[in-house]
Amino acid sequence: MSRATNSFSRSAAAHAILIAYTIIALFPVFIIVINSFKARNAIFNAPMTPPTAETFDLVGYRTVLAQGDFLQYFQNSFIVTVSSLFFVLLFGAMAAFALSEYRFRGNKLMGLYLALGIMIPIRLGTVAILQLMVASGLVNTLTALVLVYTAQGLPLAIFILAEFMSTVSDDLKNAGRIDGLSEYTIFFRLVLPLVRPAMATVAVFTMIPIWNDLWFPLILAPSEATKTITLGAQMFIGQYVTNWNAVLAALSLAILPVLVLYLIFSRQLIRGITSGAVK
Amino acid sequence: MGSLNIENVKKSFGPVDVLKGIDLAVSDGEFVVFVGPSGCGKSTLLRVIAGLEDASSGHVIIDGNEVTSTPPAKRGIAMVFQTYALYPHLTVRNNMALGLKQAGTPAAEIEKRIAAASTMLSLEPYLERRPAELSGGQRQRVAIGRAVVREPKLFLFDEPLSNLDAALRVNTRLEIAQLHRRLKATMVYVTHDQVEAMTLADKIVVLNAGRIEQVGAPMELYNSPANVFVAGFIGSPKMNFIEGARLGESVKTIGVRPEHLTVDAKKGAWKGTVIHAEHLGADTNIYLDCEKAGLLTVRVFGVYDAEPGATLYATPDPARTYRFGEDGRAVK
Ligand SMILES: Nc1ncnc2c1ncn2[C@@H]1O[C@H](COP(=O)(O)OP(=O)(O)O)[C@@H](O)[C@H]1O
Ligand SMILES: [Mg+2]
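Residue numbers (my numbering), protein chains in the order written: chain A, 75 to 353; chain B, 26 to 357.
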């Protein structure tokens with residue numbers, strides 16, 4: 075009896091903490107979204123209140139969509155994020171497999187070298203990267219961004235995935251070798267499905283900083299045709315006047331695609347966890 | 026079908042020598058068991074035979090062909106692992122078919138072999154299930170089926186029963202013994218369990234610290250162990266070892282098996298006090314602390330009442346007392 079109440083109060087406490095954290099984490103997002111639906115005066119007079127019949131105004135969204143190129147910015151962000159994610163996961167998983175599966179000279183050193191990238195911010199190399207992109211004619215292309223983001227995402231991906239891959243049963247891989255499977259088949263068909271939860275985790279960690287990044291789009295691809303959504307939203311922030319309606323509307327819209335991607339991966343994550351339980 | 030020869034195989038992981046020169050000949054149709062304590066290199070030797078691990082030096086010859094640099098799939102072997110190692114995303118049928126498909130076997134032939142193997146191992150009801158939907162015993166039978174359909178020259182088993190519970194272990198052991206009788210194939214079986222080794226093997230290879238201690242038929246090892254290690258490893262409960270000096274003998278160690286000691290309340294060679302008695306029904310294990318011989322285990326057939334603290338005399342069977350010299354080798 076006492077144990078039951080005890081566990082109830084414990085789970086109530088856990089829920090209270092989690093709910094409090096959720097409110098704190100979601101509050102800024104909530105404020106952005108409600109204010110994006112309000113008229114300019116209402117945003118400044120009562121930023122905390124949700125839109126009422128009087129203050130409701132879609133002017134922000136109208137401005138953003140009338141700007142025309144916004145769809146293009148969305149598309150750019152999407153292409154850059156999805157391609158970078160694809161390459162990070164592919165190359166990250168392959169490198170992690172090699173590091174965890176094969177014994178070769180310098181294996182440990184290579185792992186350390188790759189992990190070093192986690193500690194050194196890639197932005198320190200901005201000038202060199204810009205020179206490189208200028209020299210190779212990649213300035214103002216999405217390719218430049220994809221390359222940089224792939225490099226940025228790989229260290230953490232390799233670090234996490236190598237750890238997970240070393241837990242995949244050696245017997246399973248050896249059974250595949252005896253059945254004549256190539257190392258690529260063993261990697262893609264046997265190992266990758268078993269580390270899917272880790273892949274989903276890495277995907278989420280990789281995706282969000284790419285989607286939100288302002289730095290590299292501003293430096294490497296600021297042209298109209300290659301602007302990402304985060305950079306595109308900046309045009310409403312002027313030196314003297316800021317179109318807050320439009321900024322808030324653009325930011326609200328920018329949440330949507332990343333939310334969709336997140337939902338896809340988190341479902342993978344949960345499916346991976348539940349299917350991994352019955353090995 | 027398949028003989029196996031291993032010539033001076035050595036294997037090191039960095040500075041650690043795991044196999045220190047193994048020579049072994051296995052003839053066609055033989056059931057060979059590698060037995061030894063955990064970490065002595067049994068699995069490593071098996072993986073070298075399979076080609077999953079490259080030997081540091083030496084040769085592996087299967088069916089007369091040197092296979093030292095042949096990939097595992099081309100060696101004509103099949104392997105059953107301790108953890109089953111079934112492909113989680115494939116059905117039982119496809120688990121068995123995969124290796125054959127990779128080798129380009131015609132579909133009709135694959136069907137035929139799967140049908141035969143699944144009848145032999147009573148797997149028909151499970152052919153369309155995935156490994157996750159099977160019990161441990163069923164999974165291990167699927168793994169054995171996957172090996173059988175390949176019709177290999179050489180079967181390799183790496184502790185296939187270790188993950189099963191006791192009752193299932195006995196059943197599956199029986200099944201493997203029958204499989205060997207029916208297929209008449211050469212089998213190499215690794216275990217750390219001497220009961221499995223004694224019950225299955227035509228020939229036992231006792232390994233210790235990367236070396237072969239003795240090779241022989243189960244009864245050969247039991248009746249004439251070559252050294253202290255084999256004498257202690259084969260037989261359960263373990264052989265009693267007594268320092269020769271305590272008994273006034275010239276050799277270093279005297280060995281006598283618990284079942285070759287008799288006890289009596291009145292008279293006998295070594296007087297001792299009962300420390301503990303284990304009643305197993307069919308036999309009774311008595312632990313005796315003897316004045317002259319030290320701590321002894323005595324195995325008495327049937328029920329024997331021995332209270333802790335009671336005085337008993339133990340007498341060894343002189344015809345079955347083993348003598349070992351300074352170097353641990355048996356002395357006649
Ligand atoms: N891949 C490896 N790298 C380094 N050491 C290994 C490796 N595989 C096995 N060993 C070592 O070799 C020894 C024998 O291992 P193994 O053959 O698995 O023993 P067992 O007789 O229990 O099957 C152990 O001490 C183990 O630590
Ligand atoms: Mg082993």
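Since the hints were derived computationally from the structure, they do not count as laboratory data. It is possible that part of the hints are untrue.
Restricting the straight-line Cα-Cα distance to at most 20 angstroms, the calculated cross-link-like pairs of lysine-lysine (PhoX-like) are [unchecked claim]:
(1) Lys-137/B x Lys-247/A
(2) Lys-277/B x Lys-291/B
(3) Lys-228/B x Lys-178/B
(4) Lys-45/B x Lys-99/B
(5) Lys-357/B x Lys-317/B
(6) Lys-247/A x Lys-209/B
The following label-pair restraints were derived from C-beta to C-beta distances [as the list claims (entries may be wrong)]:
(7) Thr-224/B x Lys-182/A: 21 to 27 angstroms
(8) Leu-186/A x Lys-126/B: 36 to 42 angstroms
(9) Pro-62/B x Arg-177/A: 56 to 62 angstroms
(10) Glu-158/B x Ile-194/A: 46 to 52 angstroms
(11) Lys-126/B x Ile-91/A: 51 to 57 angstroms
Source: prediction; values computed, not measured. For each residue, glycine too, the CB sits at the ideal point set by N, CA and C.
Hint by hint, here is what the structure shows:
1. Lys-137/B x Lys-247/A: It is violated: about 27 angstroms lies between the C-alpha atoms, which goes past 20 angstroms.
2. Lys-277/B x Lys-291/B: violated (30 angstroms)
3. Lys-228/B x Lys-178/B: holds (18 angstroms)
4. Lys-45/B x Lys-99/B: It is violated: about 26 angstroms lies between the C-alpha atoms, which goes past 20 angstroms.
5. Lys-357/B x Lys-317/B: Violated. Lys-357/B to Lys-317/B sits at ~23 angstroms, over the 20 angstroms cutoff.
6. Lys-247/A x Lys-209/B: violated (28 angstroms)
7. Thr-224/B x Lys-182/A: 21 to 27 angstroms: Because 44 angstroms falls outside the window, the suggested range is violated.
8. Leu-186/A x Lys-126/B: 36 to 42 angstroms: Distance hint for Leu-186/A, Lys-126/B holds at roughly 41 angstroms.
9. Pro-62/B x Arg-177/A: 56 to 62 angstroms: violated (25 angstroms)
10. Glu-158/B x Ile-194/A: 46 to 52 angstroms: Since Glu-158/B and Ile-194/A have Cβ atoms about 48 angstroms apart, the given range 46 to 52 angstroms holds.
11. Lys-126/B x Ile-91/A: 51 to 57 angstroms: For Ile-91/A against Lys-126/B, whose Cβ atoms are near 53 angstroms apart, the range 51 to 57 angstroms holds.
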